[in-house]
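Produce the entire structure from the sequences given, and follow the hints as far as they go.
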Amino acid sequence: MIQMIINTLASAAIVAPAAVAFTLVFTLFRYANFAVGGFVTVGAFAAWTINVPLGCPLWVAGLGAMVVCASAFALSDRLVFRALRGRSGGTLLLVSIALSFVLENIMRFIYGAQMKGFDLPLTGPITIWDVRITRETVAVVSVSLLAILVVGAILILTPIGRALRAVADNPSLASVRGLPVPSVEVFGIAVAGAMLGLSGTLVGVDLSIDPNLNWAVTIPIIAAAIVGGLGSPIGAAAGAILIGAAEELTVAFLAPTYKGAVGFAVIALVLILRPQGLLGDKVDRK
Amino acid sequence: MDSYLVAILTVAGIYLILALALNLQFGLTGLINFGVVGFYGLGAYASGIATETFHAPFLAGLLAALIIGAIAGALVALLSLRLSGDFLAIVTLGFAETIRLVFNNEDWLTHGPSGFIIVTRPVIAGLSRTATSWMVLGVILLAALLVLLLMMRLADTPYGRVLRAVREDDLVPATLGKNIFMYRLQAFVLGSAIMAGTGSLYAHYVQTITPDNFTTPVAILVWMSVIVGGAGNMKGTVLGALAVVFIYEGTRFIGPWLTMLDAEQISALRFIIIGVALILMIRFRPEGLLPEAYQRPAEAASRITPSKG
Amino acid sequence: MNITRRLFVTGSTIALATPALLRHGLAQSGPIKIGSLTPLTGGGAPYGPEKAKAHRAVVDLVNANGGVLGRKIEVIAEDSQTNPEAAVRAARKMIDADQVSAIIGTWASSETIGIMPLCQDANVVQLFSGSSDNLPDGDKKRLCFNLQPLNKAWCVALADLAAKRGYLKVGFAGPKNDFAASMGASFGKSLQAVGGQIVGEPLYYNPTQVSYRAEAEKLIASKAPALFLAGYVTDFTALYRELVRGGYTGKVFALSFAVGPDFKKAVGSAAEGILHGSPVPPVGKDSYDAYLRLVGVKPNGQIQFPYGCAAYDEINLLLLGMASAKSTEARALSDNIMKVANGPGERVTTFAEGAKLLAEGKSINYDGASSSADFLPNGMLKSRDFALYEIKGGEDVSILTTTSTAE
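Residue numbers (full-length UniProt numbering), protein chains in the order written: chain R, 1 to 286; chain E, 1 to 309; chain D, 1 to 407.
Treat the hints as calculated values from the structure; they're not laboratory data. Glycine included, each C-beta is placed from N, C-alpha and C at the ideal position. Accuracy of the hints is not assured; some may be wrong.
[Claimed, not checked] Simulated pairs of lysine to aspartate or glutamate, EDC-like, Cα-Cα distance not exceeding 16 angstroms: (1) D/K356 to D/E346; (2) D/K223 to R/D130; (3) D/K362 to D/E346; (4) D/K362 to D/E329; (5) D/K265 to R/D130; (6) D/K141 to D/E346; (7) D/K140 to D/D121; (8) E/K235 to E/D169; (9) D/K264 to R/D130.
[Claimed, not checked] Sample of chain E residues at the chain D side, in silico, Cβ under 8 angstroms: (10) T98; (11) S128; (12) Q186; (13) R270.
Below you can see the structure in the form of C-alpha cells.
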C-alpha cells in the first residue's frame, strides 16, 4: 500500500511540472496547447545532450533543459501563437498539434531513432520497513515538488505573479490598470517552458529517450491538467497524482495494456461527474 | 494501365471521404475532431468482423460500420459537446488512442497486433487482379462522389446555413430558437458515421488491418487536406486531399536524389514539411486554397427563419 | 456539372503528369527487378541497413559478371519503417509501379504478414527473416521462404538453458505485439516440456508509455525467481531499469538484440549476469566469411551483422532460383528456390558457383552464410545455429551454441 503510494508519487512527479505548464498557458491565453508533449521531448533531448556528449552533471543538464525549453517555448509563441491571438481556441489547438508533430520529427531528424539514456548509475533501492525507495525517486519527487511550490509562490507572493494572475483573469482590465501585459505574458510563457524542460529531464531518468516520448506523455499531461481543474499549479499537481494512482491501480488489478487509456477514462469521468474539474471552480464555456 | 496510379487514386479517394466528413464537422460546424482515426478504425474493424467472423456480405459490413460509427460519435459527442471546443478535441484524441488499444489487446475479437485478415471484397469475386483493382477504385470514387454531392448539397441548404451560424456564433441561431446542441450533435454523428464507413471501404481494399494502420499521423494528413483545401469548402477539400496524397506518395520518388540524408531523416523531413506547411497555411492563409464563399452568418440565419416560419 | 468537370480536369491532369515519373523501365526485356524492403527506421532500424547493404552487394557483384538469364538485376530499395502500414504502401509501389518479381528483406513479422496478401495476390515471391509462429499461415500459394527459425525454436533453446541453470519457474513479460505474444506462448510450452512453468500470467504492456514502474512492481510481486523479458531495446531498457530500482534480484533472460551496446551503455554494470540468446551465423564457416568479405568486413571470430548474413542468403537463393527456373515467374521460381536450397546436388556457397553448375545442367545445394538454408515444405527454415550468452564484465560471454531444429 505504502509502496503503491510511493510509486504513484514517482510517476506523478514526472508529469506534474508539464501539467502546471499546460494549466498556466490555458489560464493566460484560454487555449489547449497540445505541443506540451513535443516540448517535453525537446527537454529530454536537450538534457541528454548536455549530460552525455557534453559530460556535465545531471542537475546542470536539467537547468540547461529548462533554459532551452523556456527559450523554445517563448520562440514558438513569438513566431506562431502571438500572431494567432484572438483566433478561436480550435485554431490554436490545431496549430499546437501540428507544432508537436514538427518538434518530434526535428528531434528524430537530428538524433535518429536510437534510444538514449542519461549517464546515471543504475542502483537498487533502499529498503525501509519493507518499503522500497530509490535515490532517484526521492530526487525526482523533491525536485518536482519544489518546482511546483516555487511556481505557486511566484504566482501568489511576487508582484510579477500577481500581475500574471490579473492578466489571466482579464487582460484588457489589466492593461487599463497599467500593467505591461506583453512582458507579463512572456514571463508566464518562460515559466511554463521551464517546467516543460524539467518534465523532460525527469522523464529521461525513468524512460529511454527517443522521439516517440511525445505521444507517450501528451495524454497523461493534459489529463492531469484537466482533472486538476485548469486553474492552479496545485490543482495540476493533484491531477497528476490522481492520474498516476489510476494508472498504478489499472496495472495492478486490471490489464496493464490498457494503461494508455486511463488518462482518457479519467477525463471522461470528470467531464460526466464534475465538469469544473477537481479543484477548479470554472471551465471556460463557449 | 498503370496499376500504381490506380493504387494512389484509391488511397486519395479514401482520404478525400475522410476529409469531407471532417469538413462537415470542422469546416461547416466548427467541431474539432482529432479522433478521425478512431472512427475510421472502428468502421474498418466493425466491417471486417461482420464479414469475416459473421460471414455477412460486404454491404452488411458497410452498414455495420456506419451504425457503429454513428453510435460511437453520439457517445463521444454527448460526453463533451456541451463544453467548449477544446474539450471535444481532447476527448476525441483520447478516444482514438483508447480504441486503438482495444484493437491491439482484444485478440479474441480483432486478432490483436498480428492483424485482421479480410477476404471479402467490395466487388464481384473472381475477376483478374487488374480488373479488381479498377473496380475497387470505381467503388471508392463512387462513394467519394456521393459523399461530395451530399456535402455540397448539405452546405447549400438552410440546414447547412444553420450549421455555419452555429460555428460563427452560438447566440444568433440560439436567439432564433434553434437548438444548437442538436445541430452540433447531428453534424458530429453524421461525420463520424461517414468516417467509419470509409474505414469499411479501406478495410476491404487493403484486406489486412492492424492497429498500426490507425495512428495519429493519418489524422494529421486528413486535417491537412481540409485546411489546405479551405475549411467549409467541399470542392476545396477535393483539391486538398489530392494535393496531400500526391505530396506524400510523391516524396517516394525524391528519395534517391537526397543521398546526403539517410532514410530516417528523409521520413522525418517529410513530416516536418507537412507540419510546417499546415502551420504556415493557418498563419497566412487560414481560408485555404479555395476559400468558402463568404456569407455573414446573421444574414444567413435571418434568411432561413421565414421558411421555417 | 461544373464540379464534375473540374474534378475530371484535375484528375486527368494528374493522370497525365504522373506516369512520366512512374513508368520508366516497365518493358519485359529490361532488367529483372527485385524489391528490397528493409526496416531503415522504427524498431528495426538497427538491423535494416545491414540487410539492405547485403542485397546491394550481391547484386552489384552479379551484375558485374553479366547478370542472371542474360539480364541485369535492378534493386528497388524502400524503407518499411518497421510498420505494416508503411510496408504495405511501399510494397504496393514495388509491385504495381516497378513490377518486381520478388520482395525480400522484411524483418518484423508484422510487416511480412502485412504485405503477404498483396504478394500472394500478385504472385510475388517473398524471402525474409522473421520469427512469429503465424508466419506460415498466410502463404497459401507456397511462395514464402524464411531464413530465421520461428519462436518455437528460440524458446526451446532458452527454456533448456533456464532448466539447466535451475530456473523452473520463470515469469514472462513483453510488449503487446505479434512477435512477443507468440514468444510468450511458445516459451510457456517449451518450459513445460523441460518440467518448468510460467509464473502467473504472461505480462504484456504497450511499448510507448510514460513509466514502467507499475509493470516492474507486478513482476517483482510475482516473486518469480527468473524472468524472461522479450522486449525490444527501448522498452526493455526502461523496464529493466525499473526492475533494478525496484530491487529485483532474480535472473533475467532476454533476446540478444535488446541487450546490445546501447543497452549496456544505458545501464552500465547493472547489466551483469543477464542471460540472452538469439539465432547466430555459423562463425568461422567459409560461407559466412565470404559474406563478411563481400560487404567489406574482416571475419574476426565474433558475430557481425547477424541479420545481414540472412539477407545475403535471401538474395543468393532468389537469384539461383531464377537461374535454375530460367524464368522469373512465381511458381517456377518458388519451386526452384526450394530445389537449389534443399538439393540434392553439389554444394555451392555463392551465386557464381551455382550459376556455373546450373549452366552445365548439374543440380546444386546452396549452403548459406546464416545457416545451411534448408527449408521445410512450408518454406520455414529446418534448422539454424542458436547461441546463448551471459553478460560478464560488460561483455557477452558465450555459454553454448546449439543447432536448433524445427519439428
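Hints and how they fare:
1. As the CA atoms of D/K356 and D/E346 are separated by approximately 11 angstroms, the hinted pair is consistent with the 16 angstroms bound.
2. For the hint pairing D/K223 with R/D130, the CA-to-CA distance comes to about 14 angstroms; that is within 16 angstroms, so the pair holds.
3. Distance restraint check for D/K362 and D/E346: the Cα-Cα separation of roughly 8 angstroms lies within the 16 angstroms cut-off, and the hinted pair is therefore satisfied.
4. With a C-alpha separation of about 21 angstroms, the suggested pair D/K362 and D/E329 falls outside the 16 angstroms cut-off, and the hint is violated.
5. This hinted pair does not check out: D/K265 and R/D130 have alpha carbons roughly 31 angstroms apart, beyond 16 angstroms.
6. Only pairs whose Cα atoms come within 16 angstroms are accepted, and D/K141 paired with D/E346 is rejected, the gap being roughly 28 angstroms.
7. Only pairs whose Cα atoms come within 16 angstroms are accepted, and D/K140 paired with D/D121 is accepted, the gap being roughly 10 angstroms.
8. Proposed proximity of E/K235 and E/D169 is contradicted: the alpha carbons are some 24 angstroms apart, above 16 angstroms.
9. Of the pairs offered as hints, the one joining D/K264 and R/D130 is violated, with about 30 angstroms between alpha carbons and a cut-off of 16 angstroms exceeded.
10. Nearest Cβ of chain D to the Cβ of E/T98: about 12 angstroms, over the 8 angstroms cut. The hint is violated.
11. With 8 angstroms as the threshold, the beta carbon of E/S128 stays out of range of chain D, its nearest partner Cβ sitting at about 11 angstroms, so the hint is violated.
12. For the restraint placing E/Q186 at the interface with chain D, the shortest Cβ-Cβ distance is roughly 25 angstroms, beyond the 8 angstroms limit, so the hint is violated.
13. The restraint placing E/R270 at the interface with chain D is violated, with a minimum CB-CB distance near 11 angstroms, outside the 8 angstroms limit.
Hints 4, 5, 6, 8, 9, 10, 11, 12 and 13, counting from the list given before, are not met by this structure.
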